[in-house]
Amino acid sequence: MGKNNSSTKETAPDDDSKDEPLFPNFNNFFTEVTLISKFTVNIFKNIFRPPYEFNELLKQCYNVGCRSLPLVGITGFIMGLVLTIQSRPTLEAFGAESWLPAMVAVSIIREIGPVITALICSGKVGSGIGAELASMRVTEQIDAMEVSGINPFKYIVVTRVIATTLMLPVLVVFSDVISLAGSFAAVNIKGDVTFYLFFAQVIESLDFADVFPAFIKTFFFGFAIGMIGCFKGYNSNKGTEGVGIAANSAVVLSSLLIFIIDMIAVQFTSLFQ
Amino acid sequence: MKNSNGNKIRLGVFVSIGLALFIIAVYFIGDKQQLFNETFKISGIFKDVSGLQVGNNVRFSGITIGVVENIEIVSDTAVKVDFSIDDNTRKFIKKDAKITIGSDGLMGNKVAIIIPGTQAKKQVQNNDYLITTIPVSIDEIMVNLKVTTANAANITEDLAVLMESLSSGKGTIGKLLMDTVFAKNIDQTLVNIKQGTGGFKQNMDAASNNVLLRGYFKKKKKEKEKK
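Those sequence lines, one after another, are chains A and B. Note that my numbering has the first sequence beginning at 1, numbered continuously upward. Note that my numbering has the second sequence beginning at 1001, numbered continuously upward.
Keep in mind that the hints are not guaranteed to be accurate.
[Claimed, not checked] Derived DSS-like pairs: lysine-lysine, alpha-carbon spacing no greater than 25 Å straight-line:
hint: 1; chain 1: B; residue 1: K1008; chain 2: A; residue 2: K124
hint: 2; chain 1: B; residue 1: K1047; chain 2: B; residue 2: K1080
hint: 3; chain 1: A; residue 1: K59; chain 2: B; residue 2: K1008
[As the list claims (entries may be wrong)] Label pairs and their calculated CB-CB ranges:
hint: 4; chain 1: A; residue 1: K45; chain 2: B; residue 2: A1020; range: 30 to 36 Å
hint: 5; chain 1: A; residue 1: N151; chain 2: B; residue 2: N1109; range: 38 to 44 Å
hint: 6; chain 1: B; residue 1: K1047; chain 2: A; residue 2: D192; range: 41 to 47 Å
hint: 7; chain 1: A; residue 1: R49; chain 2: B; residue 2: D1104; range: 52 to 58 Å
hint: 8; chain 1: A; residue 1: D192; chain 2: B; residue 2: G1102; range: 24 to 30 Å
hint: 9; chain 1: B; residue 1: P1116; chain 2: A; residue 2: F212; range: 34 to 40 Å
hint: 10; chain 1: A; residue 1: R49; chain 2: B; residue 2: G1055; range: 41 to 47 Å
hint: 11; chain 1: A; residue 1: D207; chain 2: B; residue 2: Y1129; range: 26 to 32 Å
hint: 12; chain 1: A; residue 1: F268; chain 2: B; residue 2: G1102; range: 30 to 36 Å
Hints were generated in silico from the structure; no laboratory data involved. In this text, a Cβ means the ideal position worked out from N, Cα and C, and glycines have one as well.
Input sequences plus hints: build the corresponding full structure.
Structural data, given as C-alpha cells:
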C-alpha cells in the first residue's frame, strides 16, 4: 500500500511536465519578442497612414515633455553637482583640477545625461502610459473606441510613441544644460571659475562626435519608452491587477531596453572613432 | 479649450528653447572647429606625427587658430598633414613659419604648433607647404634622462669615495678633519706664535727706552704728530 502511494507521488510530476514546455521562461521570452516586433511594425504602419491625430499628439507631447521637465531639471542639476564634487578629489590628486569642467561635460553629454534622463522618463512616463492604457483596456474603453469607429491603436498608441520619441531628445538637451549649470555651481563651491572660462572649457572639450551620437540615441530611448509602455498597457489582462503589472513591467523592460540600446549605440559609435 | 491653447503655447516654448539650446551648442562646437569661419589650407610633411590626429588643434602663439584636417602617409619616411586655418590669422603666418608637434600639457592631446616666421617675409597662401621641425618625443627625453641619470650615478660614486677618504683621514684635508695629533700640533704652534709675539713686544719697548735709539724714536713721534 505504502509502496503504491509512493510510486504515484513520484510519477505525478512527470505527467505534468509532458504538457509544459522544457524552458517556459525562454518560450515566454521569445513569444514576447515576437509580439513586441509585431507591435512595432504596427506602429510604423500606422504612423504614415491618415487620419493624423495632431491634437492628441500635441497633448501627449505636452504631457511627456513639459510635465517631465521639473523632475528632469532637478535630477539633472543634482547629477552635475554631485558628479563634479565626487570627481574633484581624484583630479586634485593628479593636480588636474582645471580639467574638471571638461571631464564633467564629456561625461554628461556623452552618457550620463541621456541615460539618466531616459531612465527617469521610463519611470515617470513609461509607467504612466502602461497604467493608463491598461486601465483603458480593463474598463473596455479601447473596445468602445473600436465600436465607435476610432482606430484605438492610432489614437492611443501611435500618438504616445511619437510623443516620447520627439520629446525625450528635447528633455535631454534641457537636462544636459541644467547638469552643466549644476557642475558650474559645484566648481565654484571650492574654487573661483568665471562662467566664461567654464563655458570655454566645456566647449573646448566637446566635439561633434560627442554631441550627435548622444543626441541621436535619445530618439531610440524615447521610442523604446513609448513603445514598451504602450505594448504592456495595450495588451494587459487579468483585470485591475493587470494595471499594476503593466505599469511595473513597462518600467522594468523599458529600463533594460535603454541600457541595451545604449550599449549598441556606444559600440556603433566607436566603429567610426 | 483655453487650457488646451495654453498647453500648446507652453509646449511650443519648451520645444523652441530646447532646440535653441541645441543649435547654440552645435554652433559653438562648430565655431571651435572652424566650421563657420572662412579658412585656408596649409600642409606640412613630417617624418613622425607622434600621435597627432584629425581634429587636433593648431596653435599660433598659444591661440587656437585651426584644426588638423587630414593626415596621410605619403611614403615610408613622410607623413603629409593638412591644416585648416582661420583666414583672419593668415596675415600673421609668414612663408618661413615652421610647424612642430607638441602636446597640451603632460596628459593632454597632441597639438600642432606654428612657430612665427620673420616679419619681412610674405604671408602664406592657400595650399602652401610650411617647414616642419621634428618634435621632441618622449622617447628622446627618456634617452637624455638615462644619460643624465648615468652621469649623476658616476658623480655620486666619486663623492662617496671622496667622503670615505676624508673620514679615514687620508690626504691633507682628511688629516685636518680627522687626525687629532695634527690638530694638537697646530694648536701648540698657535700658542708658540702667541708667546713669540709677546716677547717681541717686550724687546721693542726696551729698545725705545735705550739711550742709543731714543733719538730715532723721538723723531718718529714728531713726524707722526705733524701729520
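Now for the hints, and whether the structure bears them out:
no.	hint	verdict
1	B/K1008 <-> A/K124	21 Å, holds
2	B/K1047 <-> B/K1080	9 Å, holds
3	A/K59 <-> B/K1008	8 Å, holds
4	A/K45 <-> B/A1020: 30 to 36 Å	34 Å, holds
5	A/N151 <-> B/N1109: 38 to 44 Å	55 Å, violated
6	B/K1047 <-> A/D192: 41 to 47 Å	44 Å, holds
7	A/R49 <-> B/D1104: 52 to 58 Å	54 Å, holds
8	A/D192 <-> B/G1102: 24 to 30 Å	29 Å, holds
9	B/P1116 <-> A/F212: 34 to 40 Å	36 Å, holds
10	A/R49 <-> B/G1055: 41 to 47 Å	44 Å, holds
11	A/D207 <-> B/Y1129: 26 to 32 Å	28 Å, holds
12	A/F268 <-> B/G1102: 30 to 36 Å	33 Å, holds
Checked against the numbered hints above, the structure breaks only hint 5 and satisfies the rest.
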